[in-house]
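Peer 1: Each chain, letter by letter, is given below.
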Amino acid sequence: MANPLKLYLTCVRNTLEAALCLQNFPCQEVERHNKPEVELKTSPELLLNPVLICRNEAEKCLIETSINSLRISLKVKQADELENILAKKFLRFLSMRAEAFQVLRRKPVQGYDISFLITNYHCEEMQKQKLIDFIVQFMEDIDKEISELKMSVSTRGRLVASEFLKQFL
Amino acid sequence: MSSFERASPALKEILLRIYNAEKAIEVDHHLYEFGSVEYYIKSSASEPFTYLSISTPLLSQGVFLSYGLSPYTLQMIRDISIDALDIVEPPTDGYQLTLRLDFSKLPHNKESLKVITEVSSVQAVILSSQLKEMLQNVNSWDISQGMYKPIKLIYHPREPFYVIRQPEKIVAVFPMRFKDHSDVIIATSFFQELMDVGSSGKWAKVPPCNWSPIPPPELRGEPFEDLSTNGGFVSFDISSHHVEGKRLDKTVWSLLNFYAYVKHHVKCTRGFIQRRMRSRMDSLVQVLEKSMIQENGEIKKIKGNAGWKKMKKWMKLTSKSKMIKRRCHDFTKKIKRIRFRIKILGFGRLRRRWLTMPNLSSSMGYTKLKNTTSN
Chain V
1 MANPLKLYLT
11 CVRNTLEAAL
21 CLQNFPCQEV
31 ERHNKPEVEL
41 KTSPELLLNP
51 VLICRNEAEK
61 CLIETSINSL
71 RISLKVKQAD
81 ELENILAKKF
91 LRFLSMRAEA
101 FQVLRRKPVQ
111 GYDISFLITN
121 YHCEEMQKQK
131 LIDFIVQFME
141 DIDKEISELK
151 MSVSTRGRLV
161 ASEFLKQFL
Chain B
1 MSSFERASPA
11 LKEILLRIYN
21 AEKAIEVDHH
31 LYEFGSVEYY
41 IKSSASEPFT
51 YLSISTPLLS
61 QGVFLSYGLS
71 PYTLQMIRDI
81 SIDALDIVEP
91 PTDGYQLTLR
101 LDFSKLPHNK
111 ESLKVITEVS
121 SVQAVILSSQ
131 LKEMLQNVNS
141 WDISQGMYKP
151 IKLIYHPREP
161 FYVIRQPEKI
171 VAVFPMRFKD
181 HSDVIIATSF
191 FQELMDVGSS
201 GKWAKVPPCN
211 WSPIPPPELR
221 GEPFEDLSTN
231 GGFVSFDISS
241 HHVEGKRLDK
251 TVWSLLNFYA
261 YVKHHVKCTR
271 GFIQRRMRSR
281 MDSLVQVLEK
291 SMIQENGEIK
301 KIKGNAGWKK
311 MKKWMKLTSK
321 SKMIKRRCHD
331 FTKKIKRIRF
341 RIKILGFGRL
351 RRRWLTMPNL
361 SSSMGYTKLK
371 NTTSN
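Residue numbers (the numbering used here), protein chains in the order written: chain V, 1 to 169; chain B, 1 to 375.
To be clear, the hints were calculated from the coordinates, so they are not data collected in a lab. Don't be surprised by glycine CBs; every beta carbon is placed ideally from N, CA and C.
Below, a list of computed lysine-lysine pairs in the DSSO-like style, where the Cα atoms sit at most 27 Å apart:
hint : chain 1 : residue 1 : chain 2 : residue 2
1    : V       : 89        : B       : 267
2    : V       : 166       : B       : 246
3    : B       : 290       : V       : 144
Chain B stretches covered by chain V per the calculated footprint, using a threshold of three residues with CB under 8 Å from any CB of chain V:
hint : region
4    : 180-190
5    : 193-205
6    : 236-250
For reference, chain B alone in the conformation it holds in the complex (with noise of 0.2 Å):
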């Protein structure tokens, strides 16, 4: 799963790192990141090259993708730079792509800055020309019963979402489900703003916008886990406008990242709604607190349950009282350890028998009086 921002914060500071450096570096970083996508960096002092190789769960393992990744994709990650990237055949064990830069090549301009920036964003470029592909390039063979066939895109293991062509336009349906019933309402009040804003005229451009708690038609016949959901289906229709020229990089991005947007979404308002709970609770207890009966002019402040502050008060001198006679006989035990450290075979019984101390008095004890009368 990506994030908003395309490029990878990980992975542009070590490739800045490598890049500034004076003399070449020796790295060698595996990262890992949120939705299982994983990055290998390694460069030597001994060798000019950077080799970067990433991993990436692909959108679909529909008809489009058999195995690896595309021409089209890696036309795109090629077009970055083509003088200092470089694809490298076959790519690492484990890995789907892996990339040879070569630093040398790029400019000493802002435009390096640039260059370094997209590269980290390839696994944004991997997964959008996926995308790209399929609403450009949709198989016709899919029409089946004069119906065009949804196209299950799984981003994420658990949230997956359908591309469905159709005559002028294809549809993109995200089946919504959360965790808590308080975040499918907020979820649900914000899909039903979405459509408002959508259908106003200010935002004629946009896709329009749907929302409704039972699958579309479209979707028949898919299965059932799939289709069961909390939080409905929301729907785009997406129109040749709007994947014409640079709009088609940005809607593709956009449908990608709508799920992390809900989430975002709901859990920003959850934080909301915390905080004006709190401020709301002090203002209220501030109410509370005038009420008090003044004393001297100066209103009591309310101290909680007063009765059992006093009470843990109370536990806590016991306890410290226990604690400080623990520690006491902790220590004289320390000292004859430490005293006695040295063992004297035979010593112990010599203590004993002539170093004790006599117990001269005992309350509960008695002197045995020596018995005088004989029989």
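So here's chain V without its partners, still in its complex pose (with noise of 0.2 Å):
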């Protein structure tokens, strides 16, 4: 891994560690009724102060916690424009299939390109560790996987090129 994104990635986990404490809390407002107090944002006593890690202008991470529930938004970097309808279209595809990740949220907190909703009840089903372990990893990975596709995306490119220009020999 490369230095900057070492340390980008440490400072996430470190942050998400300290955040990832959460508990039941039923809901002030409505009886019987419990709601991720992040989304909401009713009471300011349960929200605690959000965290932003800008690893350059093109990149950040923004971690919203609250008593019960904790926020993280990301911003993928997108170097030009292929890059950049690539990002969108893989992250549009995992956010439409987020009943099968259960942490993702299904639309992005405007300014990020996606977001996952952590809630109590995922820490009580979920090991936390192995939790900031996914959540760095596919930090890490969606960064690779866009570079990857990137890179086939031209390749193919050439390869049909090359196909095309040998009919007219």
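Mind docking these for me? Both chains are given alone in their own frames, and the hints should help you get the complex.
Peer 2: In structure tokens:
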């Protein structure tokens, strides 16, 4: 892993370890309801300060915490138009299948490419350390996948161009 | 529009069936293919000939083709098989060309298959001969103010391309248009690869290719709607070397199919991206599954949203009981209808009076007491 990326991911990991201390907290406004407070933001005393970790201008991670839930929003690097559409397609593909991931949000937070919502129930069902490992691994894999996709598309284009030009020989 | 194969598969199959039949068969088929191409095949048992009529949109309605097919095109078609093929004048109503085929004059070897394949690709022969003629014989009257006027060729209604004759070369310019923005990006990446590959030393003999987002200077003066694109302009410089001998046919066919080639590549790339995303998603989900808390040494599988599934199950159960009730009701109704299919006049009144079961008790009702006291 390159050094800047490693530092970035380490920072995100440490922040998540500190932030993922969630407990069950019923809704203060509606009886017998239990809602993720980070989404509603109705009670400021239940919210912690959001943390924004920026690798550079294009890549950043926003971690918003509350007493019973945590929201992580990621902005992925997009160097050119091709990476832009590949990232958009891939992340939209994942978001549409959010039920397979459980912790993934169907719609990303505005200004970001993808968002996760982790509640206290997820922390009860899943191991905290492995959940953090998943998030960090996801961030790494997304970058890698988009780069590989871009390279594959270029390679395919090159092969197809060669096949087309062969017809003139 | 033609596919990458010149021969029409459906037409070839029908012609082979007629050729291989032991005795003459009755055939009367209309075939419709992509790009408004229509074939009409007629064969009868009483006649030894098979008639094939073709209707295809012509490449250009410009100076060269005033009406019908040019003698050059007709000669190209006759050259397919001088013995077995003959052009019928005038053609069948609604068609541009009618051929009379005599399968008995075809040799009984592999040569016959070759001839039938060439007959099946007559539409490709018509279109490519028109472009060949244009590439070879450009009317010098089209030179205006020292510049050669671009010739607009319409192979597909929404995809015209231009051929411009210049000293020592012919330039073919393709304005590229796509419906989706992501298609534009994928195609642009392909055009850049095409330029890179074409400019390398290994491919020195192929026509140089250029891509630009703005119309080339040769197209100045053309209508605005033809020059407004989102995919830029691809141009090929065809020199005399590329149209010599057998290369002319290959060059013409490649130019005619350039749009189809690009669209096919874009479509396949999208499919590839989709497959890749799907497999990546599976691997990511597996990573998350490992984070589930183990019970009795087994990892619990992620079942999606379990709460929602329970709700769905409960809804299914309630709707099932309702369905059963409805079915019972329909069944008893059917039985009643069958039993009372025979209508007897006055029986209904009799049934209502004497054959109905009395209501013995009612939770809501009451029994009216007789008035014992008298006023």
